[in-house]
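Given only the sequences and the hints, what does the whole structure look like? Please build it.
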Amino acid sequence: MSELLLERVLLTNDDGIDAPGLAVLEAVATKLAREVWVVAPEHDQSGTSHSLSLHSPLRISQQGERRFGVSGTPGDCVVMAARHLMADAPPSLVLSGINRGANLGLETVFSGTVGAAMTGVLLGIPAIALSQAFTDRNAVRWETAGELAPGVIRRLLETGWNQQACLNVNFPDVAPESAGPLTVTRQGVGLVKDLAVRAHVDPRGIPYHWLQFSRGPRSDADDSEAVVIGRGGISVTPLRFERTDEEAAAELAGRL
Numbered sequence: 000m001s002e003l004l005l006e007r008v009l010l011t012n013d014d015g016i017d018a019p020g021l022a023v024l025e026a027v028a029t030k031l032a033r034e035v036w037v038v039a040p041e042h043d044q045s046g047t048s049h050s051l052s053l054h055s056p057l058r059i060s061q062q063g064e065r066r067f068g069v070s071g072t073p074g075d076c077v078v079m080a081a082r083h084l085m086a087d088a089p090p091s092l093v094l095s096g097i098n099r100g101a102n103l104g105l106e107t108v109f110s111g112t113v114g115a116a117m118t119g120v121l122l123g124i125p126a127i128a129l130s131q132a133f134t135d136r137n138a139v140r141w142e143t144a145g146e147l148a149p150g151v152i153r154r155l156l157e158t159g160w161n162q163q164a165c166l167n168v169n170f171p172d173v174a175p176e177s178a179g180p181l182t183v184t185r186q187g188v189g190l191v192k193d194l195a196v197r198a199h200v201d202p203r204g205i206p207y208h209w210l211q212f213s214r215g216p217r218s219d220a221d222d223s224e225a226v227v228i229g230r231g232g233i234s235v236t237p238l239r240f241e242r243t244d245e246e247a248a249a250e251l252a253g254r255l
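The numbers in the sequence shown follow numbering that gives the first Met the number 0, run straight up by one, and end at 255.
These are computed hints drawn from the structure, not numbers from a lab.
Some hints here could point you the wrong way.
No farther apart than 20 Å at their CA atoms in a straight line, the calculated lysine to aspartate or glutamate pairs in the EDC-like style are these [to be verified]:
#, residue 1, residue 2
1, K30, E2
2, K30, E157
3, K30, D193
Here it is in structure tokens:
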């Protein structure tokens with residue numbers, strides 16, 4: 000068995016505390032840390048990004064040793080863990096995921112998985128978001144992330160990175176033995192083309208609506224997440240809060 004690198008690690012996600020991807024991540028984390036804490040949303044919080052519950056109370060339900068459900072967002076869970084449940088000795092790493100579906104390009108702006116990791120960065124804790132791509136939602140290759148994530152995380156920890164950024168890791172929709180190498184990527188544009196509203200009427204005749212991403216192939220750089228994942232590689236992209244478009248800023252300054 001490889002040497003454990005961490006004393007305490009915090010796990011969270013946006014799919015909810017009972018999600019299969021979180022169970023996979025727990026198995027991964029036990030190979031890396033002496034003490035694994037799970038603090039995750041009680042219910043699915045996909046699409047909540049970096050959201051924090053500043054105007055409503057949060058409730059915690061203990062569901063086992065070092066395992067807690069929170070009535071809030073992924074970001075709430077990280078704050079609750081680091082500043083309350085684990086305040087005596089905050090975690091040395093936040094792992095968020097493993098998300099059902101890749102988080103690529105523009106989707107990272109909306110992702111609660113990435114948002115939780117970014118919240119860790121805000122609190123001064125190194126953080127990695129992990130996602131498993133799929134083609135068939137009912138046949139997610141959890142074994143790919145499950146087998147490969149320990150080595151990927153270990154390699155990243157041993158290599159180190161600028162911890163003003165979180166790392167966004169995506170595993171391809173291929174068998175573990177077919178996955179390509181870990182590749183540093185750019186965020187790129189990803190696969191989101193638009194947002195749609197689906198209108199329906201319930202059995203009582205009352206209208207209701209669903210928001211939905213419209214996805215499809217888009218032109219992207221060869222070193223982008225979507226292209227690398229599409230080729231069967233494992234992508235890792237450093238993401239940060241600073242989003243200033245330097246080129247647009249310089250152009251605007253020249254016009255004012």
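Status of the hints after comparison with the structure:
1. K30 - E2: holds (8 Å)
2. K30 - E157: Roughly 15 Å separates the two Cα atoms, so the pair holds.
3. K30 - D193: violated (40 Å)
Consistency with the previously given hints fails for number 3 only.
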